[in-house]
Amino acid sequence: GQSLEQPSEVTAVEGAIVQINCTYQTSGFYGLSWYQQHDGGAPTFLSYNALDGLEETGRFSSFLSRSDSYGYLLLQELQMKDSASYFCAVKGGFQKLVFGTGTRLLVSP
Amino acid sequence: ETGVTQSPTHLIKTRGQQVTLRCSSQSGHNTVSWYQQALGQGPQFIFQYYREEENGRGNFPPRFSGLQFPNYSSELNVNALELDDSALYLCASSTTGTGSGGYTFGSGTRLTVV
Numbered sequence: 029g030q031s032l033e034q035p036s037e038v039t040a041v042e043g044a045i046v047q048i049n050c051t052y053q054t055s056g057f058y059g060l061s062w063y064q065q066h067d068g069g070a071p072t073f074l075s076y077n078a079l080d081g082l083e084e085t086g087r088f089s090s091f092l093s094r095s096d097s098y099g100y101l102l103l104q105e106l107q108m109k110d111s112a113s114y115f116c117a118v119k120g121g122f123q124k125l126v127f128g129t130g131t132r133l134l135v136s137p
Numbered sequence: 015e016t017g018v019t020q021s022p023t024h025l026i027k028t029r030g031q032q033v034t035l036r037c038s039s040q041s042g043h044n045t046v047s048w049y050q051q052a053l054g055q056g057p058q059f060i061f062q063y064y065r066e067e068e069n070g071r072g073n074f075p076p077r078f079s080g081l082q083f084p085n086y087s088s089e090l091n092v093n094a095l096e097l098d099d100s101a102l103y104l105c106a107s108s109t110t111g112t113g114s115g116g117y118t119f120g121s122g123t124r125l126t127v128v
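Residue numbers (our numbering), protein chains in the order written: chain U, 29 to 137; chain S, 15 to 128.
By construction, these hints were calculated from the structure, which means they are not laboratory data. No residue lacks a Cβ here, since even glycine has one placed at the ideal position from N, Cα and C. Treat the hints with caution; some may be incorrect.
Non-contacting residues of chain U with respect to chain S, defined by C-beta distances greater than 10 Å in every case (computed) [said to hold, decoys possible]: (1) Ala-40; (2) Gly-43; (3) Ser-111.
Here are some chain U residues pointing at chain S (derived, C-beta under 10 Å) [unchecked claim]: (4) Gln-34; (5) Val-38; (6) Ala-117; (7) Pro-137.
Assemble the whole structure, with the sequences as input and the hints as a guide.
Structure representation (structure tokens):
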């Protein structure tokens, strides 16, 4: 089977740093992606790791350790608009994405 | 780039009916995939189309079917609707061999089955 585990909810204040973890068990692995989804909106691509290590894109960074089947998304200088659901997703065969259950991030003033 | 557009945005159907959802892929994208997202859950892969052929399918019954047209637009058809089919249906487009892992999603169609 395939499964990705994430914390269900994380809370933080504006300006803070937050880390969202993801552990996965999948039959095929071609990379780990992160998507942001606001309520009622489309998932929006944030970051992708095919190899071990850290990828940085502005305020967002993502890390992957394939030997540990683990990754995380790091959000810095949090803003109110970052309040959303965040999904990790493994890219498997046929380019399909297997998504985790999502982490709801609540940013307060 | 116009992004991915889906229609309709909302739909209410009765159990047993059939429904067709539509998607226009982002310009230049030749691969389209469909996902079902139940409330509070992550999207679940339904199937993917490339060059008008289905080339990957998730754990969904045959009453979920699709089409991809030469202009890369796509349809998702669901027959014999069940109450559990109520969900947000997302279309995602990409180019073959998307190395970055980045797929462009539409805003989805919210289907309610009563």
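Checked hints:
1. Ala-40: holds (21 Å)
2. Gly-43: holds (28 Å)
3. Ser-111: holds (16 Å)
4. Gln-34: holds (9 Å)
5. Val-38: Since the shortest Cβ distance to chain S is 16 Å, the answer is violated.
6. Ala-117: holds (8 Å)
7. Pro-137: Cβ of U:Pro-137 sits 26 Å from chain S, so the hint is violated.
The structure does not agree with the numbered hints 5, 7 stated previously, though it agrees with the rest.
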